[in-house]
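Undergrad: Residue strings, one per chain:
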Amino acid sequence: MSETSVDAAEVAKFEAMAAEWWDPSGKFKPLHEMNPCRLHYITSQIAAEFERNIAEAQPFAGLRILDIGCGGGLLSEPMARLGAEVVGADAAPKNIPVAQIHAEQSGLAIDYRNTTAEALAEAGERFDVVLNMEVVEHVADPAAYLQACHDLLRPGGLMICSTLNRNAKSFAMAIVGAEWVMRWLPKGTHDWQKFITPDELFDLIRRAGLEPLDRKGMVFNPLAWSWSLSDRDLSVNYVTASRRPG
Amino acid sequence: MDNPAQLPILPPMTTDCDVIILGGGLNGPPLALALAQAGLSVTVIDALPQAIRADDAFDGRAYALALASQRLLAAVGVWPAVAAKAQPILGVRASDGRVGEGPSPFFLDFANGELEEGPMGFMLEDRHLRQAFLAAMGTTPGITQISGDTVVAQETGPGGITVTLASGRTLSARLLAGCDGRASGTARRAGISRSGWGYGQTALVCAIAHEKPHEGIAQQFFTPAGPLAILPLTGNRSAIVWSEREETARAIQALDDEGYLAALRERVGDYLGTLRLEGKRFTYPLNLTLANSFVAERVALVGDAAHGVHPIAGQGLNLGLRDVGALAEVVIEAQRIGEDIGALDVLERYQRWRRFDSTALALGMDTVNRLFSNDNPLLRAARDIGMGTVNAFPGLRRRFIREAAGLTGDLPKLLQGRAI
Numbered sequence: 077m078s079e080t081s082v083d084a085a086e087v088a089k090f091e092a093m094a095a096e097w098w099d100p101s102g103k104f105k106p107l108h109e110m111n112p113c114r115l116h117y118i119t120s121q122i123a124a125e126f127e128r129n130i131a132e133a134q135p136f137a138g139l140r141i142l143d144i145g146c147g148g149g150l151l152s153e154p155m156a157r158l159g160a161e162v163v164g165a166d167a168a169p170k171n172i173p174v175a176q177i178h179a180e181q182s183g184l185a186i187d188y189r190n191t192t193a194e195a196l197a198e199a200g201e202r203f204d205v206v207l208n209m210e211v212v213e214h215v216a217d218p219a220a221y222l223q224a225c226h227d228l229l230r231p232g233g234l235m236i237c238s239t240l241n242r243n244a245k246s247f248a249m250a251i252v253g254a255e256w257v258m259r260w261l262p263k264g265t266h267d268w269q270k271f272i273t274p275d276e277l278f279d280l281i282r283r284a285g286l287e288p289l290d291r292k293g294m295v296f297n298p299l300a301w302s303w304s305l306s307d308r309d310l311s312v313n314y315v316t317a318s319r320r321p322g
Numbered sequence: 022m023d024n025p026a027q028l029p030i031l032p033p034m035t036t037d038c039d040v041i042i043l044g045g046g047l048n049g050p051p052l053a054l055a056l057a058q059a060g061l062s063v064t065v066i067d068a069l070p071q072a073i074r075a076d077d078a079f080d081g082r083a084y085a086l087a088l089a090s091q092r093l094l095a096a097v098g099v100w101p102a103v104a105a106k107a108q109p110i111l112g113v114r115a116s117d118g119r120v121g122e123g124p125s126p127f128f129l130d131f132a133n134g135e136l137e138e139g140p141m142g143f144m145l146e147d148r149h150l151r152q153a154f155l156a157a158m159g160t161t162p163g164i165t166q167i168s169g170d171t172v173v174a175q176e177t178g179p180g181g182i183t184v185t186l187a188s189g190r191t192l193s194a195r196l197l198a199g200c201d202g203r204a205s206g207t208a209r210r211a212g213i214s215r216s217g218w219g220y221g222q223t224a225l226v227c228a229i230a231h232e233k234p235h236e237g238i239a240q241q242f243f244t245p246a247g248p249l250a251i252l253p254l255t256g257n258r259s260a261i262v263w264s265e266r267e268e269t270a271r272a273i274q275a276l277d278d279e280g281y282l283a284a285l286r287e288r289v290g291d292y293l294g295t296l297r298l299e300g301k302r303f304t305y306p307l308n309l310t311l312a313n314s315f316v317a318e319r320v321a322l323v324g325d326a327a328h329g330v331h332p333i334a335g336q337g338l339n340l341g342l343r344d345v346g347a348l349a350e351v352v353i354e355a356q357r358i359g360e361d362i363g364a365l366d367v368l369e370r371y372q373r374w375r376r377f378d379s380t381a382l383a384l385g386m387d388t389v390n391r392l393f394s395n396d397n398p399l400l401r402a403a404r405d406i407g408m409g410t411v412n413a414f415p416g417l418r419r420r421f422i423r424e425a426a427g428l429t430g431d432l433p434k435l436l437q438g439r440a441i
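So the sequences go chain by chain: X and B.
Residue numbering for the first sequence follows the numbering used here, beginning at 77 and increasing consecutively.
Residue numbering for the second sequence follows the numbering used here, beginning at 22 and increasing consecutively.
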C-alpha cells in the first residue's frame, strides 16, 4: 500500500487506531504494562552482544533491527529512538499505516512493511537483530518460521524470542486468567496447544542453526502491578536470546 | 513493498530539546543537572534575570538540608561548591515551651553520634545554593538557560509539548517539568486542580547573629501559637523560622527591629546571649496545597508545584529534592530503554513513587502542627509525656533521627549518593 492511495477518511481512522494502540490504559493495556520489562531485556541483550553503552546517546546507531509482528510499533519506536535502523513487519495490513502515522507523530523514521519473516528472508534482507516477540505461538509451522528468522540474521546477529510456556499454570494464567476472567485479551487470542516449553524452544532454535545464549522468565507481580525479569520462574511468559554463529 | 529505503541513521529532531524545566529555583536546577549529566538536552526557564538570582547579599533565607538531600547535591556535582559554606547540624532539640516559661523539662534530644552516616543534615544559605546551581548549570553541556521570561501558554501534542513565552518565542520538548512553586502555572495550564487549606498562621523568617555559640544544635520549641525553630548557620549566626497566629505575626512584623528582637528574645530565652538581626525579615502565610495529580500527558510537577507543605522541620526543600531524584531516575531509565520520556505511562511511575510519600508527609506535618499549636493542658501533658517516651527508647529515637535525615523510604539513587 502506498501513502498516496490512502484518503483523508482513512487517515483519520488510522489516527484513531494509532491513538488506541498507544493508549496505556486502552485496549492494549496489558502490552503496555509488559513493554518496559521486554525493553529492559532487549536493550541489555543487544548492548551486551554488540558492546554498546546504553548510557550514551543513540547507543544502537549502525544496527539494523527487524521487529516481526510490529503491531502499532511498541517495540519499533524504542529501537529507532535508540538510534537503530528499524524495519517493522506485520502480516496484518491495517497495522502498517497505523504504525506509520504514530512514528511520524513521534518524529521517528521507521520502515513499516506489510510482509512476513519468510517473504523478507526470501528477498535476501539481512539484519543485526531480529525481534521475535510473542509471535512463535501464533504461527502454523514454528520450525519453518525460526528457519526464516535464522536466514534473516547476519552471521553474529542476535534473535530475541519471547513466548508462553505450556503447562497447567500457563493455561490458568494466560487462557483462564487473561482471556476469560480479566478480559485483558480477546477470547481465542491464544491456543494453549501451540504454547512451547523453554526446552522445546531451545531445541527448535538449535535445529534452525542458532546458538541459544540466555533465557529469563517475565513475571507479573499483582501487588506492584508490574512485570519483572526472573532467572528462575519461566512458568508462564519467558524470553530468550540466541545468536547466529559466525 | 520491498524498498530498502534511504533511511537516515539518526532520526530527525522534532523537538527543540528533550525536557523544558519551568522554574530555576531550588528544584529546577538539580533536575536539569541530573538529566543533562545523563545526556539529555534541557532548557531551564526562570522569570527572574540571572543577576538577581546570583545576588551575593545575605537576605536571611536558609535551608535545612537533610543528609539524603546533601547526597543528591553531591551526586549532581554541586556539593563541593557549597560544602565550606554549610553548617553541619550536630544535634536536634525539640521541646514544648510557653512564652515566659521557657522550655518544658521533657524534650527530645538527638545527637549526631546516633547516626552512623555522619551529621543528620546541614544548614545552607539560600544565596550560596542559588549561586552554586547557576554556576553548575552554566558549565554543564546540554543545559540552556532562559532568564527573565515567563510561559504564557502550553500545548500538548502527540509528539511533544510546546510552550509559548511572554517574549513571543515558542519552544518544544518531549517533557515539561513544572518546578514553578505552589502557584504552579504549569499545573493550571495542564488542567490539574489543587486541594488545600490555610492554617491562620504566618511564619516569620529571619537570621540572627548571637553572642554565644550554637554548638551546631538545631532547636525547635513548640509554643501554643506555633513552632519556633532556631537553626545553626556558620559562625555565631542562626536562622529563625517562627510561626505565630496571623494577627500576632502581622503585629510583630510591623515592629521596628528593636521591638522585633525583643519579641524574639522573649521566646528564645537567653541561651545564645545577645541577639542582632542579619539580613531581611520575611513573612510567609502557612498553607497546605496539594496538586490532585502530579503528572499529565508530557507534564510532571516537582516540589511545591506538586505539594506545598507547612515548613515545620524544613521538609519542603527535602521533599522537593526527593521528587527531583525520583523523576530524574524514571526519565533516564525510560530514555535508556528507548521509551518516550513524556508518555503518561512513564510519568505515572514517578507519580506512584512520590505521591504517597509526599502526601503522607504533608498531612503528617499538618497533624503535628495541629497537635502542638495548642494550649489545652491535657494535650500539653500528653505531648510532654510523648516526647519523654520517644527520648527514652533508643529504637524510637533512631527512627526519628533517620526520618529527619531523610534516610527512610524507597530512596531514589541520587539521594543515596549513587549515579543513575
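Possibly wrong hints are sitting among the right ones.
What the hints assert, rightly or not - Derived, one-sided and incomplete: chain X residues facing chain B with beta-carbon distance under 7 Å:
(1) L115
(2) S182
(3) G183
(4) S311
Honestly, the hints are just simulated from the structure, not real lab data.
Since the structure is predicted, the reported quantities are computational estimates derived from the model, not experimental observations.
We put the CB at the ideal spot given by N, CA and C, even for glycine.
Undergrad: All the hints need checking, so say for each whether the structure fits it.
TA: Against the structure, the hints come out as follows:
no.	hint	verdict
1	L115	4 Å, holds
2	S182	5 Å, holds
3	G183	3 Å, holds
4	S311	25 Å, violated
The structure is inconsistent with hint 4 alone, although it conforms to all the rest.
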